[in-house]
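Engineer: All chains should be built: construct the whole structure from the sequences, respecting the hints.
As given, the protein sequences belong to chains A and B, one line each in that order. Sequential numbering from 1 applies to the first sequence in my numbering. Sequential numbering from 516 applies to the second sequence in my numbering.
For the record, the hints were derived by calculation from the structure and aren't laboratory data. It should be emphasised that the depicted structure is a prediction, and the values quoted were computed from it without experimental measurement. The beta-carbon is built from N, C-alpha and C at its ideal position, and this holds for glycine as well. Fair warning: there could be bad hints in the mix.
[Unchecked claim] Okay, derived cross-link-like pairs now, DMTMM-like style, lysine to aspartate or glutamate, Cα gap no bigger than 25 Å in a straight line:
(1) A:273 / A:314
(2) B:712 / B:700
(3) A:273 / B:619
(4) A:42 / B:984
(5) B:967 / A:104
(6) B:557 / B:661
(7) B:557 / A:457
[What the hints assert, rightly or not] One-sided and incomplete, this derived list gives chain A residues near chain B with beta-carbon spacing under 10 Å:
(8) 161
(9) 233
(10) 451
(11) 472
(12) 476
[As the list claims (entries may be wrong)] Taking CB as the label site, the calculated pair distances span:
(13) A:42 / B:867: 47 to 57 Å
(14) A:109 / B:622: 30 to 40 Å
(15) A:472 / B:891: 28 to 38 Å
(16) A:42 / B:1021: 43 to 53 Å
Number of protein chains: 2
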Amino acid sequence: MTNGADALAQVLAQNGVDTCFANPGTTEMHMVQALTGRHGIKNHLCLFEGVASGAADGYARMARRPAATLLHLGPGLANALANLHNARKASTPVLNLVGEHALDHIAHNAPLTSDIATLAAPMSKSVVTLTETSQIAAQTRQILTDMQTGTPGVGTLIVPNDVAWGQAAPGNVPPVDLPPLALPDDRTVEAAAKALKSDGAMLILGHPFITARMQELAYAICTATGATLMGEAATARTARGAGLPNLPRIPFQIDAALAHLKDVRQAVLAGAKAPVAFFAYPERPSALLPPACTETTLCTADDNLEGALEALAEAVGAKPVKADPGQLPAAPGEQAIDAEILGAAVANALPEGAIVIDESVTNGLYLYANGGTSPVAHDWINNRGGSIGYSMPVAIGAAVACPDRPVIVVTGDGSASYTPQSLWTMARSGLNITVVVLANRRYKILANEMSKIGAGEPDEGSDPLLSLDQPPIDWSALSKGYGVPATRVETGAALMQQIRRAVAEPGPSLIEAVM
Amino acid sequence: MTNGADALAQVLAQNGVDTCFANPGTTEMHMVQALTGRHGIKNHLCLFEGVASGAADGYARMARRPAATLLHLGPGLANALANLHNARKASTPVLNLVGEHALDHIAHNAPLTSDIATLAAPMSKSVVTLTETSQIAAQTRQILTDMQTGTPGVGTLIVPNDVAWGQAAPGNVPPVDLPPLALPDDRTVEAAAKALKSDGAMLILGHPFITARMQELAYAICTATGATLMGEAATARTARGAGLPNLPRIPFQIDAALAHLKDVRQAVLAGAKAPVAFFAYPERPSALLPPACTETTLCTADDNLEGALEALAEAVGAKPVKADPGQLPAAPGEQAIDAEILGAAVANALPEGAIVIDESVTNGLYLYANGGTSPVAHDWINNRGGSIGYSMPVAIGAAVACPDRPVIVVTGDGSASYTPQSLWTMARSGLNITVVVLANRRYKILANEMSKIGAGEPDEGSDPLLSLDQPPIDWSALSKGYGVPATRVETGAALMQQIRRAVAEPGPSLIEAVM
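Structural biologist: So this is what it looks like as structure tokens:
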């Protein structure tokens, strides 16, 4: 016999959940012992739960299997929710282990009692509250199955303390067995092929995880049919560089997005949804494709996109073709850093195998496009959920999943201010992460958006709610406070040089890029 | 005509909601303009939503009227929830203004779309989604009424962007009119009087807001009847010092709590609930009063506690009596700082009118008891919800509500790590807050709790999930990074001297007390 927490840990380990990002409390003490015990699970302590949930997201994006979070009751889960929102939108499997009071303690309405299942529901694909120790193994296996079947998602397992401390049989259950992904039928493939050969055709590639092979196939299909290739605005992860086609993406900015899509008459959706505006704007549509456009779905994000593209390539007689990703921009000199210089600096500094976590917000215009011109193979991670403060936490998980690959975060200073505690876990776990903080000391995107959404221009009253300059955040001091060495740069050349240095050194570094 | 956001701001200002703690996004731009416009509402920018919600909680605890938060969609609300949990448990009126996509945009499931109302429900007393501009004034008045009637609580007003930008009539509605609080009937008062005159009687005083008058009455009642006076484990705010009775409180630690209460045969609940264990522990009861104890409720926290105590005092023939709050401890010398020295240093350093925000966790044993011996009148704020990371945000709100009173935060380093961004708002808004961070570099409470809850002792595997020493957080660097000057102290004398200095200087200061 063992206890419930131990049986739970055993089922996790048997199913490849061997990594946990933790911020525990009293109700999770049995789980702490079990997760750090004999099952070989690796644990990373986080000072804030949003770091843990973002890290689990980043881990799954790279490892393609779930990590766990360990969270303390409803408030601990609440702090994790914003980054779980991003995981949900990225179709990332994240398993939350949330401690709960012992079952008969809940009715006493102690200080920390809250409705955990309701809190979890909006961001979770599956929520299970364990009710007896004997069911732990089966219920844990079930949630791992549910959260990974079809579109992967967030699973929240609520573990009452008495279930964790109760006596249990060892957690031997058959491993999770996921069904194969579906392929489109011939008629669907033919319809997509026909649409792509029409005038004004666009292939929109939009699976959360865009592999190199998907892009090669999509590029060949578009070359054979004359269709335009377009990516969704954000993906959970895209393979890039080393001659891949430098997949363009639908712009965030509403008028730019509409301009990109205004002539599309046939849209073939390959893993993508029909594109929608990030926000609603007065006098602008929510659906971005023109009303006259016909939409054809090759397959959804739940299906076997690579297989579907293989079938489509065959149907249109596509031949392998070398893409032109565009010219790597010149290495920047002593100019001040702006969006263009940032893009050039990062593209030139990218090391082989880099994982870039992009939270550059208003300064990302050149960053993504230039990244695709890099001669080295790398992965690009983006935010499909829009909840900011995701990049440093996600970087932790990516670095844990891929300890031999350098991770580079590019984040606005406003964004980085949601989860600065991430820096401490980077230092504690000795992760090779380079954090570039773009210090423009402003919620610049909001200053841009205010007039676009019809709310006028920032004025003397409202500007103080958009500016971060009073006092300026000293990112170098902050970073050192959390044990991460930091430098400050003001030119493109210095930024490029510092990224190269930081990537080459073990452990984390922060670079404050003054803009 | 005006727009919906402006009508909303007008109703807020008319009802005394003149302070907002904000972290806005695109969907809140019209509200930013309205809240910073002609209605005289004062706004404080926060880098993280948990700071905003905690600040609104602290504001209401001191001002006894609600402040607003301004939050960006579901993820912005999610980040605010942990401190809203504490506000809910403290019966604090907090009004969340949460932006939402324009109503017809929601069905398009854009990246930031989520189920805001469900997220809000567990921590809110009232959740209202505005549905048309013409109803804004009435619906805003209604939520202000609902959240302040009976037990005050959190109101969440979800504001779709098109409702905010739509044309509206000016928001003229009658001011909110709250019903008077109820008084107990004579029979209830007599029953309480009789119980207090019995053997083994205890008066448990537990309103969220304990005034000086309540304590004087309770002390006189207990003196007249021979009953023991006891406070709940935590209150939202308690008046203390200057000869008040130094209200004891039910200990957090389960065995100490049971020992305190084991001989109680008659418990009279004055605004309090029957005490329950903070957590469930194997072989320990959840209800802390002995099974043989009879409970008599004088009144609940929803009622007029001061009036109820007046009636009870009259019923038992209580006379005003001078309390003995105990001896102010000697000022500490050059000793290292431990819980006892901390208590002595703070008690001796307390300035007139101080507001103490207590998140001292394992180091609070002497802090509260010694604070009550202070010769100066002050207020003590505690956490009734147990979600940590509350003290620095609450301090912001308290300081905004009471700009002429010094605010002193005493917080564990683990706790302070949830919402460090608070420091920036303290600097930005120029608030006289002294933050004492107790740097023991450990989740010491968890190391204590692990064995108590039957999970064994921390071992080589589990200890790394309880320790914060690798790397040590440099609180001075962190604080300076956010624009708050900082010092580090290692002795009781230095701690006391630095608190005195920091309180006397305008603006915030941080003191890292190495333990």
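Engineer: Against each hint, give a clear statement of whether it holds in the structure.
Structural biologist: These are the hints, each one checked on the structure:
This hinted pair checks out: residue 273 of chain A and residue 314 of chain A have alpha carbons roughly 23 Å apart, not beyond 25 Å. For the proposed pair residue 712 of chain B and residue 700 of chain B, the alpha carbon gap of about 19 Å is at most 25 Å, so the pair holds. Between residue 273 of chain A and residue 619 of chain B the alpha-carbon distance is near 18 Å, which keeps this suggested pair within the 25 Å criterion. Restraint check for residue 42 of chain A and residue 984 of chain B: the C-alpha separation of about 19 Å stays at or below 25 Å, so the hint holds.
At most 25 Å may separate the alpha-carbon atoms for a hinted pair to count; residue 967 of chain B and residue 104 of chain A meet this at roughly 18 Å. The hinted pair formed by residue 557 of chain B and residue 661 of chain B meets the criterion: a straight-line CA distance of about 24 Å does not exceed 25 Å. For the hint pairing residue 557 of chain B with residue 457 of chain A, the CA-to-CA distance comes to about 19 Å; that is within 25 Å, so the pair holds. Hint on residue 161 of chain A holds. Least Cβ distance to chain B is approximately 6 Å, under the 10 Å limit.
With a cut of 10 Å, the hint placing residue 233 of chain A at the interface with chain B holds, because the nearest CB-to-CB distance is about 8 Å. Given the 10 Å rule on beta carbons, the hint for residue 451 of chain A holds: about 9 Å separates it from the nearest Cβ of chain B. For residue 472 of chain A, the shortest C-beta to C-beta distance to chain B is roughly 7 Å, which falls under 10 Å, so the interface hint holds. With a cut of 10 Å, the hint placing residue 476 of chain A at the interface with chain B holds, because the nearest CB-to-CB distance is about 8 Å.
Take residue 42 of chain A and residue 867 of chain B: their Cβ atoms lie about 53 Å apart, and the range 47 to 57 Å holds. Against the hinted window of 30 to 40 Å, the Cβ-Cβ separation of residue 109 of chain A and residue 622 of chain B comes to about 37 Å, which satisfies the hint. Take residue 472 of chain A and residue 891 of chain B: their Cβ atoms lie about 37 Å apart, and the range 28 to 38 Å holds. About 48 Å separates the C-beta atoms of residue 42 of chain A and residue 1021 of chain B, a value consistent with the hinted range of 43 to 53 Å.
Of the hints listed earlier, there is not a single one the structure fails to meet.
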